[in-house]
Amino acid sequence: MIQQSGETSVPVADLLGEHPFEVFAQLRNDAPVCYVAEIDTWMLTRYSDCVEVLEDPARYSSAYAAPPLDKVLEPEILQILIKSGEPGNHVVQTDPPDHAAMRSIAQGLFHGKRINNTIPFMRETADKLIDQFLPSGTADLVAQFALPYVQTVLSSIAGVPDDRAPLMAEGNEAFLLLMTPTATLEQKVVAAHKFVEYELAIGELLAEKRANPGDDMISDLVTGPPLPEPDARMFVKGLYAGGIHTTCDAITSTVFALLGSATHWTEAKENPSMARGLLEETLRRDAPHRGLLRVTTEPVRLAGVELPAGAKVLPMLGAANRDPAIFGDPDAFVPGQRENMRDHLAFGHGIHRCVGAPLARAEGRVALEALTSRLPLPRTATEELSHYPAFYFWGLAALPIAW
987 MIQQSGETSV
997 PVADLLGEHP
1007 FEVFAQLRND
1017 APVCYVAEID
1027 TWMLTRYSDC
1037 VEVLEDPARY
1047 SSAYAAPPLD
1057 KVLEPEILQI
1067 LIKSGEPGNH
1077 VVQTDPPDHA
1087 AMRSIAQGLF
1097 HGKRINNTIP
1107 FMRETADKLI
1117 DQFLPSGTAD
1127 LVAQFALPYV
1137 QTVLSSIAGV
1147 PDDRAPLMAE
1157 GNEAFLLLMT
1167 PTATLEQKVV
1177 AAHKFVEYEL
1187 AIGELLAEKR
1197 ANPGDDMISD
1207 LVTGPPLPEP
1217 DARMFVKGLY
1227 AGGIHTTCDA
1237 ITSTVFALLG
1247 SATHWTEAKE
1257 NPSMARGLLE
1267 ETLRRDAPHR
1277 GLLRVTTEPV
1287 RLAGVELPAG
1297 AKVLPMLGAA
1307 NRDPAIFGDP
1317 DAFVPGQREN
1327 MRDHLAFGHG
1337 IHRCVGAPLA
1347 RAEGRVALEA
1357 LTSRLPLPRT
1367 ATEELSHYPA
1377 FYFWGLAALP
1387 IAW
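Each residue of the sequence shown is one higher than the one before, counting from 987 in the working numbering.
Check each hint, because a few of them may be wrong.
Label pairs and their calculated CB-CB ranges [to be verified]:
(1) Glu1194 / Asp1000: 32 to 38 Å
(2) Ala1248 / Ala1383: 22 to 28 Å
(3) Glu1284 / Ala1367: 14 to 20 Å
(4) Glu1194 / Ser1372: 38 to 44 Å
(5) Arg1365 / Asp1148: 42 to 48 Å
(6) Ala1383 / Leu1363: 49 to 55 Å
(7) Gly1322 / Trp1389: 20 to 26 Å
Just so you know, the hints here were simulated from the structure itself, not pulled from any lab data. We put the CB at the ideal spot given by N, CA and C, even for glycine.
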């Protein structure tokens, strides 16, 4: 039995395994506010509790949610990271009143005209990638399609030159590895050196855009309201950290769900407008982002549990999206059939709701339209599929298919 509080708690390994939703379902019934001792965090699995926390930044702060690096990284890693400069602040780590100005900057980068103007490039990129593997009859849709597709589109809209886009992608992977609890010290050392290279490259890119701005996100960032250099670098890192794996995972999780239904694939091929509903149901059922930490600013009572000031609280978005109190038959994949389909929390909720959601939806829709229109009915090319062991993300490590 999982206890509501006390020393006994759910092991982190259970949350990183292949069946976390079974764990979430048990927690939702037995301990909806559960203490995870290994990360000193209270985890939430009910929709209503997650919404309560996300709607109340006064009592559940984002500004204090990111732990100091010396609390989560080894001294050897910190010594390397000193070379990367001051970390900076990001919109997801701010509270009102500071949050409004930061969010305004972020929203300005993702304006609708920019996204709409990028859709032809999305289609072109998707088709080029499909052209490369279509004749072979097999592909890993993570490595050969979804990941390079999202990386290419984001680098283009951000204004990253083609020759530096690979470094940006590698730097983002290094950043995510540094934040992965299961990473070894040896892995972190390699990642830390790559991360320093990434930070320096971002600084150089910001300087170039100031001298010669274009029509892109980074140019808008450096020519808009003044930002401290560390904050500007953090904005760029945030574009990649929040916009690569999340969208990649949404695309591949949708395709994986479709592989279980020839009817869905055929219908999507015949009716491209289905892509919106397919993606939305995946965002609900397999939310790519697990959640972001909050810290209590005062003693609170949450779902009957007393939490002190300074307690770390983690609303689990994927768990909330499978709460049967909100979504009937929550484990089922039923695209386009839920009246409350867009009530999911995949993009968060409240003042910190993801500003990149319109871009992610556009990228996902275009990718799914391209795949379903061009590929014959595919099937999985292996019986062994696994998700990568990232605490804050949920996605397939690989998706080999054949047709």
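Outcome of the hint check:
| no. | hint | verdict |
| --- | --- | --- |
| 1 | Glu1194 / Asp1000: 32 to 38 Å | violated (46 Å) |
| 2 | Ala1248 / Ala1383: 22 to 28 Å | holds (25 Å) |
| 3 | Glu1284 / Ala1367: 14 to 20 Å | violated (53 Å) |
| 4 | Glu1194 / Ser1372: 38 to 44 Å | holds (40 Å) |
| 5 | Arg1365 / Asp1148: 42 to 48 Å | violated (34 Å) |
| 6 | Ala1383 / Leu1363: 49 to 55 Å | violated (24 Å) |
| 7 | Gly1322 / Trp1389: 20 to 26 Å | holds (24 Å) |
Violated hints, listed in ascending order, are 1, 3, 5 and 6; each of the other numbered hints is respected by the structure.
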